[in-house]
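Protein chains: 2
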Amino acid sequence: MKIGIVGTGDVGHFIGSRLIENGHQVMMGGRDPNNPKGLGFVKKHPSENAAYGTFADASRFGEIIFNAANGRFALVALQLANTDFSGKLIIDVANPLDFTTTPPTLISEFANTNSMGESIQNQYPKAKVVKTLNTFGMTLGINPKQLNNGDHTVFVSGNDEGAKASTTTLLIEFGWKIENIIDLGDITGARSMELYLILAVRMKMLFGEPIFNIKVIKS
Amino acid sequence: MKIGIVGTGDVGHFIGSRLIENGHQVMMGGRDPNNPKGLGFVKKHPSENAAYGTFADASRFGEIIFNAANGRFALVALQLANTDFSGKLIIDVANPLDFTTTPPTLISEFANTNSMGESIQNQYPKAKVVKTLNTFGMTLGINPKQLNNGDHTVFVSGNDEGAKASTTTLLIEFGWKIENIIDLGDITGARSMELYLILAVRMKMLFGEPIFNIKVIKS
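Chains as they are written, first to last, in my numbering: chain A, 13 to 231; chain B, 13 to 231.
So that you can see chain A by itself, here it is in the shape it has in the complex:
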């Protein structure tokens, strides 16, 4: 599929590279069309499946858009794309973390009674927003089989069933097992996924390494 990635950071690179490996066409988008990190993405993948452009270019290109911008600036990055994302699937993997506090907190406007996922859906009511892949490090997210033979949990939430099904397909291509993909219902589930992240961040600092996750165990 044609997939746009908003954001040129590590998260965008991990996701973009893995999507190309899985046969998709990927355009990464940044603020500056000459951003070395964006151009580096194209160099790293010398095939016609990797491209780089502005936020607007990537957002026009993709049938699916990954929001992989830094949590603090994600809404602004999407605004710079200057589109209403009508009918497009926006997969939001960003976390609105504030690392200036000790311990880290969520940026208050997105915490508890709101979330990044809901904010994006509200900003673009014609888009189909799905929150996923935000509850662990992205190196694990794109290659879950690194841990416990892939037997651990990823969550999805969003208002549109078709959009969640498309997201699930991408997750399975990454290596997630269908029985470990938990659908938390509508986009307000993004709240619970982002709140959980504070526990994950704490465990990461405690364990001193990023390759861990939770598995939901039912009776």
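Bear in mind the hints are in silico, worked out from the structure with no lab data behind them.
Hints are not guaranteed to be accurate.
You can't tell identical chains apart in this list, so a pair holds if it fits in one copy or across any two.
Said to hold, decoys possible - Below, a list of computed lysine-lysine pairs in the DSSO-like style, where the Cα atoms sit at most 30 Å apart:
| id | residue 1 | residue 2 |
| --- | --- | --- |
| 1 | K56 | K157 |
| 2 | K189 | K230 |
| 3 | K230 | K55 |
| 4 | K100 | K14 |
Dock chain B against the given chain A, drawing on the hints supplied.
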């Protein structure tokens, strides 16, 4: 040991009964010394190990105090005990949930930049507060072997290592495996445990049953 329980609800009953089963002396405390639920606790355990009194009676009696009052009223219940809890271990299992919102949220004064556990520690600086057992239903908390042969995770956090060790001993008596008890460090860890609860509440509504939990999986 002599253990006081602040709160006469289901959570207090589950914990109190299990502690008596494990050989401890338990005094449940309520606002009203004639509360039928408190008196019922004594009737249910016709031994000298079960008693009922006021919040103050239970708080004086216990070397260890469980805060099992409804999250919304927990700080007030402790205030009614009219003690500084000097040197005592307060095990806080309460969750500051607001069920008047859809979906449920945390009461904002305790969310993200604060927590119930920290609030109790701040209110009683001479007490040793440990947060634990708040991340699943208490029927599972007091009998973890019901699920996956007891192989799932419970968290503790608190400023005092000795207090966490005493708490760990009680958890092991309940059936928790030492390798599944994760120490999240100081009492600010309570924040991450309470934030996670919103995800647990969402999963409980989704699964339609309370016997589930997460297991933290490390590489």
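Verification of the hints:
no.: 1; hint: K56 - K157; result: within (24 Å within a copy, 50 Å between copies)
no.: 2; hint: K189 - K230; result: both (16 Å within a copy, 18 Å between copies)
no.: 3; hint: K230 - K55; result: neither (45 Å within a copy, 34 Å between copies)
no.: 4; hint: K100 - K14; result: within (11 Å within a copy, 61 Å between copies)
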